[in-house]
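Number of protein chains: 4
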Amino acid sequence: MSFLEISVTDKPTLNNAFLIEGLPGIGNVGKLAVHHLINVLNAKKSLEIYSSSLPPQVTINEGGIVGLINNEFHYYKNSKNQRDIIFLTGEHQGLDHKGQYDLCIKILELAKEMGVTEIITLGGYGLGKIVEKPRVLGAATSISMVKKLKKAGVHFSAEQEESSAGIVGASGLLLGLGRLNGLEGGCLMGETSGYIADPTSAREILLVLQKLLSLDIDLSDLDEKIEKVGALTKHLTGMSDSLDDSEIDISYIE
Amino acid sequence: MSFLEISVTDKPTLNNAFLIEGLPGIGNVGKLAVHHLINVLNAKKSLEIYSSSLPPQVTINEGGIVGLINNEFHYYKNSKNQRDIIFLTGEHQGLDHKGQYDLCIKILELAKEMGVTEIITLGGYGLGKIVEKPRVLGAATSISMVKKLKKAGVHFSAEQEESSAGIVGASGLLLGLGRLNGLEGGCLMGETSGYIADPTSAREILLVLQKLLSLDIDLSDLDEKIEKVGALTKHLTGMSDSLDDSEIDISYIE
Amino acid sequence: MSFLEISVTDKPTLNNAFLIEGLPGIGNVGKLAVHHLINVLNAKKSLEIYSSSLPPQVTINEGGIVGLINNEFHYYKNSKNQRDIIFLTGEHQGLDHKGQYDLCIKILELAKEMGVTEIITLGGYGLGKIVEKPRVLGAATSISMVKKLKKAGVHFSAEQEESSAGIVGASGLLLGLGRLNGLEGGCLMGETSGYIADPTSAREILLVLQKLLSLDIDLSDLDEKIEKVGALTKHLTGMSDSLDDSEIDISYIE
Amino acid sequence: MSFLEISVTDKPTLNNAFLIEGLPGIGNVGKLAVHHLINVLNAKKSLEIYSSSLPPQVTINEGGIVGLINNEFHYYKNSKNQRDIIFLTGEHQGLDHKGQYDLCIKILELAKEMGVTEIITLGGYGLGKIVEKPRVLGAATSISMVKKLKKAGVHFSAEQEESSAGIVGASGLLLGLGRLNGLEGGCLMGETSGYIADPTSAREILLVLQKLLSLDIDLSDLDEKIEKVGALTKHLTGMSDSLDDSEIDISYIE
Numbered sequence: 001m002s003f004l005e006i007s008v009t010d011k012p013t014l015n016n017a018f019l020i021e022g023l024p025g026i027g028n029v030g031k032l033a034v035h036h037l038i039n040v041l042n043a044k045k046s047l048e049i050y051s052s053s054l055p056p057q058v059t060i061n062e063g064g065i066v067g068l069i070n071n072e073f074h075y076y077k078n079s080k081n082q083r084d085i086i087f088l089t090g091e092h093q094g095l096d097h098k099g100q101y102d103l104c105i106k107i108l109e110l111a112k113e114m115g116v117t118e119i120i121t122l123g124g125y126g127l128g129k130i131v132e133k134p135r136v137l138g139a140a141t142s143i144s145m146v147k148k149l150k151k152a153g154v155h156f157s158a159e160q161e162e163s164s165a166g167i168v169g170a171s172g173l174l175l176g177l178g179r180l181n182g183l184e185g186g187c188l189m190g191e192t193s194g195y196i197a198d199p200t201s202a203r204e205i206l207l208v209l210q211k212l213l214s215l216d217i218d219l220s221d222l223d224e225k226i227e228k229v230g231a232l233t234k235h236l237t238g239m240s241d242s243l244d245d246s247e248i249d250i251s252y253i254e
Numbered sequence: 001m002s003f004l005e006i007s008v009t010d011k012p013t014l015n016n017a018f019l020i021e022g023l024p025g026i027g028n029v030g031k032l033a034v035h036h037l038i039n040v041l042n043a044k045k046s047l048e049i050y051s052s053s054l055p056p057q058v059t060i061n062e063g064g065i066v067g068l069i070n071n072e073f074h075y076y077k078n079s080k081n082q083r084d085i086i087f088l089t090g091e092h093q094g095l096d097h098k099g100q101y102d103l104c105i106k107i108l109e110l111a112k113e114m115g116v117t118e119i120i121t122l123g124g125y126g127l128g129k130i131v132e133k134p135r136v137l138g139a140a141t142s143i144s145m146v147k148k149l150k151k152a153g154v155h156f157s158a159e160q161e162e163s164s165a166g167i168v169g170a171s172g173l174l175l176g177l178g179r180l181n182g183l184e185g186g187c188l189m190g191e192t193s194g195y196i197a198d199p200t201s202a203r204e205i206l207l208v209l210q211k212l213l214s215l216d217i218d219l220s221d222l223d224e225k226i227e228k229v230g231a232l233t234k235h236l237t238g239m240s241d242s243l244d245d246s247e248i249d250i251s252y253i254e
Numbered sequence: 001m002s003f004l005e006i007s008v009t010d011k012p013t014l015n016n017a018f019l020i021e022g023l024p025g026i027g028n029v030g031k032l033a034v035h036h037l038i039n040v041l042n043a044k045k046s047l048e049i050y051s052s053s054l055p056p057q058v059t060i061n062e063g064g065i066v067g068l069i070n071n072e073f074h075y076y077k078n079s080k081n082q083r084d085i086i087f088l089t090g091e092h093q094g095l096d097h098k099g100q101y102d103l104c105i106k107i108l109e110l111a112k113e114m115g116v117t118e119i120i121t122l123g124g125y126g127l128g129k130i131v132e133k134p135r136v137l138g139a140a141t142s143i144s145m146v147k148k149l150k151k152a153g154v155h156f157s158a159e160q161e162e163s164s165a166g167i168v169g170a171s172g173l174l175l176g177l178g179r180l181n182g183l184e185g186g187c188l189m190g191e192t193s194g195y196i197a198d199p200t201s202a203r204e205i206l207l208v209l210q211k212l213l214s215l216d217i218d219l220s221d222l223d224e225k226i227e228k229v230g231a232l233t234k235h236l237t238g239m240s241d242s243l244d245d246s247e248i249d250i251s252y253i254e
Numbered sequence: 001m002s003f004l005e006i007s008v009t010d011k012p013t014l015n016n017a018f019l020i021e022g023l024p025g026i027g028n029v030g031k032l033a034v035h036h037l038i039n040v041l042n043a044k045k046s047l048e049i050y051s052s053s054l055p056p057q058v059t060i061n062e063g064g065i066v067g068l069i070n071n072e073f074h075y076y077k078n079s080k081n082q083r084d085i086i087f088l089t090g091e092h093q094g095l096d097h098k099g100q101y102d103l104c105i106k107i108l109e110l111a112k113e114m115g116v117t118e119i120i121t122l123g124g125y126g127l128g129k130i131v132e133k134p135r136v137l138g139a140a141t142s143i144s145m146v147k148k149l150k151k152a153g154v155h156f157s158a159e160q161e162e163s164s165a166g167i168v169g170a171s172g173l174l175l176g177l178g179r180l181n182g183l184e185g186g187c188l189m190g191e192t193s194g195y196i197a198d199p200t201s202a203r204e205i206l207l208v209l210q211k212l213l214s215l216d217i218d219l220s221d222l223d224e225k226i227e228k229v230g231a232l233t234k235h236l237t238g239m240s241d242s243l244d245d246s247e248i249d250i251s252y253i254e
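Protein chains in written order, with UniProt numbering: chain A, 1 to 254; chain B, 1 to 254; chain C, 1 to 254; chain D, 1 to 254.
Note that these hints are calculated values from the structure, not bench results.
Note that this is a predicted model, so its numbers are computed, not measured.
Some clues are possibly wrong.
As the list claims (entries may be wrong) - Straight-line C-alpha distance at most 16 Å; calculated EDC-like pairs for lysine to aspartate or glutamate:
no.: 1; chain 1: C; residue 1: LYS11; chain 2: C; residue 2: GLU72
no.: 2; chain 1: B; residue 1: LYS45; chain 2: B; residue 2: ASP96
no.: 3; chain 1: D; residue 1: LYS106; chain 2: D; residue 2: GLU72
no.: 4; chain 1: A; residue 1: LYS45; chain 2: A; residue 2: ASP84
no.: 5; chain 1: D; residue 1: LYS147; chain 2: C; residue 2: GLU62
no.: 6; chain 1: A; residue 1: LYS147; chain 2: A; residue 2: GLU184
no.: 7; chain 1: D; residue 1: LYS150; chain 2: C; residue 2: ASP84
no.: 8; chain 1: B; residue 1: LYS150; chain 2: A; residue 2: GLU62
no.: 9; chain 1: B; residue 1: LYS234; chain 2: B; residue 2: GLU109
no.: 10; chain 1: B; residue 1: LYS147; chain 2: A; residue 2: ASP84
no.: 11; chain 1: C; residue 1: LYS211; chain 2: C; residue 2: ASP84
no.: 12; chain 1: C; residue 1: LYS147; chain 2: B; residue 2: GLU62
no.: 13; chain 1: D; residue 1: LYS11; chain 2: D; residue 2: ASP96
no.: 14; chain 1: D; residue 1: LYS148; chain 2: D; residue 2: GLU184
no.: 15; chain 1: A; residue 1: LYS147; chain 2: D; residue 2: GLU62
no.: 16; chain 1: C; residue 1: LYS150; chain 2: B; residue 2: ASP10
no.: 17; chain 1: A; residue 1: LYS150; chain 2: D; residue 2: GLU62
no.: 18; chain 1: A; residue 1: LYS148; chain 2: A; residue 2: GLU184
To be verified - Negatives, chain A to chain D, calculated, CB over 10 Å:
no.: 19; residue: VAL8
no.: 20; residue: PRO12
no.: 21; residue: ILE49
no.: 22; residue: TYR50
no.: 23; residue: LYS77
no.: 24; residue: ASP102
no.: 25; residue: LYS112
no.: 26; residue: ALA140
no.: 27; residue: ALA152
no.: 28; residue: GLY172
no.: 29; residue: LEU177
no.: 30; residue: TYR195
no.: 31; residue: SER214
no.: 32; residue: ILE226
Yeah, the Cβ is synthetic: ideal placement off N, Cα and C, and Gly gets one too.
Please put together the full structure from these sequences, using the hints given.
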């Protein structure tokens with residue numbers, strides 16, 4: 001009795017495409033990065049996935065119009081005869097383990113139908129403390145993909161700190177299930193405190209993607225967000241005793 | 001292996017009908033409003049929905065008779081050649097995300113069969129503090145519905161306070177799923193503290209519905225409840241140190 | 001993918017039989033009463049219900065032999081041409097709302113196949129304090145059943161204290177689902193503190209059942225348990241500061 | 001909509017084989033013992049079970065390669081014309097009661113297909129305190145299996161301490177479901193504090209298995225782990241006030 005409905009706007013066949021996942025997660029790093037890419041590349045809406053594995057909830061936009069929580073594909077057709085991209089984002093990941101599996105299996109099925117051959121998942125790697133220069137840590141489904149990511153500046157430590165926990169949620173599951181389905185892939189994890197939405201970490205991921213995908217990415221909009229969050233962080237860490245909630249709005253960075 | 005059983009008392013075909021939802025929620029505002037309407041309009045029982053998405057529990061009425069927890073339709077046939085109404089209420093919403101989806105999908109299916117063309121969901125908008133003059137906030141599935149609600153006195157702020165969280169549960173889901181099924185709708189949220197059942201907030205919603213549905217609604221019964229809750233609130237806020245539990249019964253307002 | 005397996009020992013067709021439910025619950029009152037009845041009436045094992053709605057767990061008996069947690073039917077064929085009885089008991093109720101529905105629906109299906117026409121569910125009514133003379137409170141699916149229970153000494157108060165919460169779990173659900181399936185029934189709730197297994201409350205229920213079912217029930221075994229629990233309770237309430245865990249075994253009363 | 005995929009490396013037909021389960025649990029005793037056996041017997045990978053009943057998560061190995069969490073069979077073909085063995089291990093047990101049932105039912109089905117006739121499950125028996133000489137406690141599906149285990153040194157007390165709780169999870173469920181499927185079996189529970197991974201307890205289990213399965217098992221590797229954990233435990237219990245987290249790595253024993 002699971003509910004699943006795909007609402008298609010435009011479902012083109014793409015050229016040797018990447019699926020780039022940026023669903024909400026630690027520091028919202030992946031979502032920030034993918035939303036930035038959708039905006040600066042002017043990616044087109046492809047389809048919406050509605051599912052009972054997502055929260056029974058609607059969002060309300062500025063005009064007062066509601067929208068059922070979903071996961072979405074946007075696509076970017078690369079004009080230079082290079083590889084196309086599908087961006088996966090949404091307001092939520094699947095709500096429990098079965099929901100995570102159900103959604104990721106459907107996402108991979110749709111992505112393969114549209115021509116996806118490789119998967120890049122994006123996420124944050126929570127450190128529990130603020131870091132000045134976040135690195136981008138990596139993991140991948142094959143040795144060749146590890147090499148490719150290293151060349152693009154991704155950090156793989158000999159004693160992988162994240163090895164004990166692994167990667168939880170869609171960023172891990174899409175890789176694991178993808179490999180069972182013959183799709184190679186890698187995960188980019190931007191180091192982040194994990195306390196607030198972190199555009200600085202997302203920026204580092206975008207620098208890696210720029211190399212990996214041979215794209216020019218305008219980062220100016222993100223730099224503004226970084227400044228705002230920087231100001232907020234200074235405020236929070238330096239003035240926490242005299243904190244006046246009404247002055248601070250931590251909701252403007254998603 | 002989900003259990004679902006519809007027990008039909010009377011399932012008429014209605015004229016361009018509204019579905020008005022008033023299931024339990026914040027401040028029980030929606031349920032109070034719909035129960036009031038069922039009583040004053042003398043709406044007839046249509047059907048009962050029993051489901052394993054609801055709690056495995058029976059209620060006991062005054063005579064000691066048990067009833068399995070359900071969701072119910074009551075209908076009101078408008079004698080003046082105007083639009084009919086189905087009222088949806090019950091003791092509980094679906095228990096988890098799948099249960100919410102399963103029930104709302106069934107409710108919409110039944111409502112469409114009976115002639116429903118528009119959905120109005122009712123709920124409370126929790127403020128965390130007691131408010132003297134609660135406003136009725138709105139959200140809707142289309143711009144034309146937003147306009148219709150504004151004309152009836154519903155408040156849509158430019159910086160929608162509720163936009164971050166959205167609408168959780170049946171009040172949101174019926175709109176979101178309804179839109180996927182071609183049904184337009186809107187949500188009326190009465191501002192409320194969220195601490196106790198709030199007939200004052202329900203009254204404001206009824207004043208909006210009166211305009212929206214061109215109905216005369218006798219509010220005297222609700223005014224009595226408002227007085228009782230007012231006395232209780234004074235007692236609770238003014239005498240909280242000397243509180244004697246046995247003197248106060250907060251269960252008589254549902 | 002739900003697992004359900006019925007292991008039948010003996011499945012006779014019974015005469016206008018009662019289903020008497022005594023699964024674990026508040027004060028284990030229902031389970032104590034039904035286990036007592038199975039013992040003194042020498043009821044025969046009929047069948048075992050194994051299900052993934054029950055905990056993934058085995059019990060270990062004194063000889064070290066494991067048994068998968070289940071729900072069981074025992075039956076008692078009344079020699080005096082009177083109504084037969086099926087006793088329902090087990091180590092656990094269904095684990096969540098779907099599990100409760102799945103199990104109770106299967107139990108009712110099996111019970112009807114074997115000739116059950118009426119359901120009596122047993123449970124505790126938690127007071128949160130120790131009560132000297134526990135009453136047996138009732139609820140039922142019809143006015144005639146309310147009358148029948150009253151005649152047997154069951155207490156129905158005008159202002160039913162339990163009316164707000166209703167009856168949660170199998171004791172309620174079997175009645176609610178039973179009524180949807182054309183089976184009338186009633187619930188007997190023995191007042192109990194809710195802190196420990198309460199044979200005193202179970203004894204009161206047995207006195208009601210004795211009248212209701214026209215049975216002679218030997219209570220001597222239960223009286224021993226009552227004495228043991230009485231000694232324990234005195235110990236716990238009078239000597240709680242000097243409590244030596246090793247002296248007290250609260251597991252010997254199930 | 002459950003996901004289940006079996007990835008087969010090698011699925012031989014075995015001779016009157018044992019299934020030996022060592023999934024994570026109390027003190028990781030079972031997993032330690034089975035991993036040791038797989039290593040010293042050089043057991044071959046047979047198959048991997050992927051399932052939505054397991055966490056939506058990948059592990060990352062030292063090279064940065066991800067692997068979807070699964071349960072695995074390794075097999076050992078006994079060259080001396082004796083009984084073969086399948087080892088079951090993995091990073092997780094099923095995540096909830098349905099998941100436990102789903103996985104164990106599939107495991108038993110696969111095991112029977114490959115020639116398994118008896119099941120030995122391994123686990124820890126948590127004492128809540130450190131024990132110098134851990135015993136191996138037992139439970140089994142038949143009296144003859146109890147005798148067999150006793151002969152191999154397994155402890156069955158008259159007043160079985162574990163009888164109240166039983167055995168929770170795969171170690172219990174494989175026995176319980178196995179018995180329903182005509183497979184006899186037993187559980188070996190090594191006493192352990194339950195606080196940390198306990199190779200000492202696993203060693204006691206291996207000594208029992210050595211007798212039970214007529215195997216020579218090299219324990220030297222495990223003895224090293226025992227020394228490391230012993231040093232750690234001394235450190236933790238004796239120097240807990242001056243504890244420097246960076247000096248201690250409790251992750252190296254799985």
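Checked hints:
Our distance criterion of 16 Å between C-alpha atoms is met by LYS11(C) and GLU72(C), whose separation comes to about 12 Å. Taking the CA atoms of LYS45(B) and ASP96(B), the gap is near 27 Å; set against the 16 Å cutoff, the hint is violated. Restraint check for LYS106(D) and GLU72(D): the C-alpha separation of about 12 Å stays at or below 16 Å, so the hint holds. Distance restraint check for LYS45(A) and ASP84(A): the Cα-Cα separation of roughly 14 Å lies within the 16 Å cut-off, and the hinted pair is therefore satisfied.
Of the pairs offered as hints, the one joining LYS147(D) and GLU62(C) holds, with about 14 Å between alpha carbons and a cut-off of 16 Å not exceeded. At most 16 Å may separate the alpha-carbon atoms for a hinted pair to count; LYS147(A) and GLU184(A) meet this at roughly 13 Å. Our distance criterion of 16 Å between C-alpha atoms is broken by LYS150(D) and ASP84(C), whose separation comes to about 44 Å. Of the supplied pair hints, the one linking LYS150(B) and GLU62(A) holds, its CA atoms being roughly 15 Å apart against a limit of 16 Å.
Taking the CA atoms of LYS234(B) and GLU109(B), the gap is about 45 Å. The hint is violated against a cut of 16 Å. The suggested pairing of LYS147(B) with ASP84(A) is violated, with an alpha-carbon distance near 41 Å, which exceeds 16 Å. Simply put, LYS211(C) and ASP84(C) have alpha-carbon atoms about 15 Å apart, close enough for the 16 Å limit, and the pair holds. Restraint check: the Cα-Cα separation between LYS147(C) and GLU62(B) comes to about 14 Å, which is no more than 16 Å; the hinted pair holds.
Proposed proximity of LYS11(D) and ASP96(D) is contradicted: the alpha carbons are some 28 Å apart, above 16 Å. Between the alpha carbons of LYS148(D) and GLU184(D) the distance comes to roughly 12 Å, so the proposed pair stays at or under 16 Å and holds. Restraint check for LYS147(A) and GLU62(D): satisfied, since their Cα atoms lie roughly 14 Å apart, inside the 16 Å limit. A distance of roughly 34 Å separates the Cα atoms of LYS150(C) and ASP10(B); the hinted pair therefore is violated under the 16 Å criterion.
For the suggested pair LYS150(A) and GLU62(D), the alpha carbons sit about 15 Å apart, so the restraint of at most 16 Å is met. For the proposed pair LYS148(A) and GLU184(A), the alpha carbon gap of about 12 Å is at most 16 Å, so the pair holds. Look at VAL8(A): its CB is around 21 Å from the nearest CB on chain D, clear of 10 Å, so calling it non-interface holds up. Even its closest Cβ contact with chain D, about 28 Å, leaves PRO12(A) beyond 10 Å, as expected for a residue assigned away from the interface.
With a least beta-carbon separation of about 14 Å from chain D, ILE49(A) lies farther than 10 Å from that chain, consistent with its non-interface assignment. With a minimum CB-CB distance of about 15 Å to chain D, TYR50(A) clears the 10 Å threshold, and the non-interface call stands. In this structure LYS77(A) is separated from chain D by more than 10 Å, as the shortest Cβ-Cβ distance comes to about 29 Å. Residue placement check: ASP102(A) does not keep its beta carbon more than 10 Å from all beta carbons of chain D (closest about 6 Å).
The Cβ of LYS112(A) sits about 16 Å from the closest Cβ of chain D, beyond the 10 Å cut-off, so the non-interface label holds. Listed as a non-interface residue, ALA140(A) fails to keep its Cβ farther than 10 Å from every Cβ of chain D; the least gap is roughly 6 Å. Distance check on ALA152(A): its Cβ is at least 14 Å (rounded) from any Cβ of chain D, clearing the 10 Å threshold; non-interface status holds. Look at GLY172(A): its CB is around 4 Å from the nearest CB on chain D, not clear of 10 Å, so calling it non-interface is violated.
Separation of LEU177(A) from chain D is inadequate, the least Cβ-Cβ distance of about 7 Å not exceeding the 10 Å criterion. With a least CB separation of 21 Å from chain D, TYR195(A) remains clear of the 10 Å interface cut-off, as annotated. For SER214(A), the shortest C-beta to C-beta distance to chain D comes to about 23 Å, beyond the 10 Å cut-off, and the non-interface label holds. Look at ILE226(A): its CB is around 28 Å from the nearest CB on chain D, clear of 10 Å, so calling it non-interface holds up.
Comparing the model with each numbered hint stated earlier shows that hints 2, 7, 9, 10, 13, 16, 24, 26, 28, 29 do not hold.
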